[in-house]
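A.B. asks: Sequence:
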Amino acid sequence: MKRLVPYVTGGIRPDWTRYLVEYERNGATAIEIGLPFSDPILDGPTIQEASDRALSRGVTVASVLSDISDLSLTVPLIAMTYYNLVINKGPERFCADLAAAGVSGLIVPDLPIDEAGPVVTAAERHGVDLVLLAAPTTPPDRLAEIAARSGGWIYAVSTMGTTGERDQVAEEGIRLAKDLRELTGKPVLLAFGISRPEHAVAAAEASDGVVIGAALMRRILDGGEPEELGAVLGEFRAALDTVAV
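Converting from the sequence shown to the working numbering requires adding 19 to each position, the first position being numbered 1.
For the record, the hints were derived by calculation from the structure and aren't laboratory data. Ideal Cβ placement from N, Cα and C applies to all residues, glycine included. Treat the hints loosely; a few may be bogus.
[Claimed, not checked] What follows is a set of in silico ranges between Cβ atoms, one per label pair, in the way DEER data are often shown:
#1 Glu247 with Pro159: 27 to 35 Å
#2 Asp260 with Ser57: 35 to 43 Å
#3 Asp129 with Glu191: 18 to 26 Å
#4 Ala115 with Ala263: 34 to 42 Å
#5 Gly242 with Ile132: 17 to 25 Å
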């Protein structure tokens with residue numbers, strides 16, 4: 020089965036964890052939770068608006084982790100945030116807090132692999148996979164290093180720029196996913212711009228699955244209820260299930 024990882028901004032509204040429940044119910048194989056940050060360099064307008072809305076509610080890393088700590092989901096939860104928040108608390112304490120809340124993966128998009136050592140060590144100590152990113156412009160030798168050191172799976176960015184909905188899956192992203200799969204047996208998930216079920220199919224034919232972010236968050240910002248978003252994710256699940264593994 021191809022992997023399907025929906026994204027949700029933690030604390031986007033008071034009952035935001037209902038989205039997690041609906042995503043699991045509708046075929047998610049893992050769920051990425053954005054920890055809101057005021058200067059998100061990789062996020063496009065939709066995710067930035069979601070982060071701003073959460074921060075305006077007083078949401079913090081601690082409050083997000085508190086919200087999820089009592090959930091009984093069976094799919095892995097993966098935190099996505101920026102290095103500043105990790106440094107502020109310290110990698111050891113940060114990863115310990117993730118693990119205590121039931122989070123088993125961490126994505127830090129602005130963490131250079133050359134400086135990842137302390138976070139890798141802390142993550143491993145607490146049983147958290149540090150998932151590394153690869154981009155279409157990543158040179159081959161660095162791509163191999165990312166493939167070797169990434170924990171759990173590899174986050175392949177389909178195109179340069181920030182997150183956001185797009186009209187089609189970039190060919191450079193398809194090539195990147197194929198290159199990574201030749202380098203490693205770890206799952207490679209394609210992200211950025213996967214906006215419709217047909218995009219997910221195109222991406223999954225070259226990868227092991229997809230991450231869906233802005234296409235879901237836009238609907239949430241527009242007032243979409245958890246059950247509605249669950250149904251939307253179910254359409255992606257049905258489309259992915261037509262792709263041969």
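A.B. asks: If a hint holds in the structure, say so; if it does not, say that too.
C.D. replies: Hints, verified against the model:
1. Glu247 with Pro159: 27 to 35 Å: About 43 Å separates the Cβ atoms of Glu247 and Pro159, which means 27 to 35 Å is violated.
2. Asp260 with Ser57: 35 to 43 Å: With a Cβ separation near 39 Å, Asp260 and Ser57 satisfy 35 to 43 Å, so the hint holds.
3. Asp129 with Glu191: 18 to 26 Å: holds (21 Å)
4. Ala115 with Ala263: 34 to 42 Å: Distance hint for Ala115, Ala263 holds at roughly 40 Å.
5. Gly242 with Ile132: 17 to 25 Å: About 39 Å separates the Cβ atoms of Gly242 and Ile132, which means 17 to 25 Å is violated.
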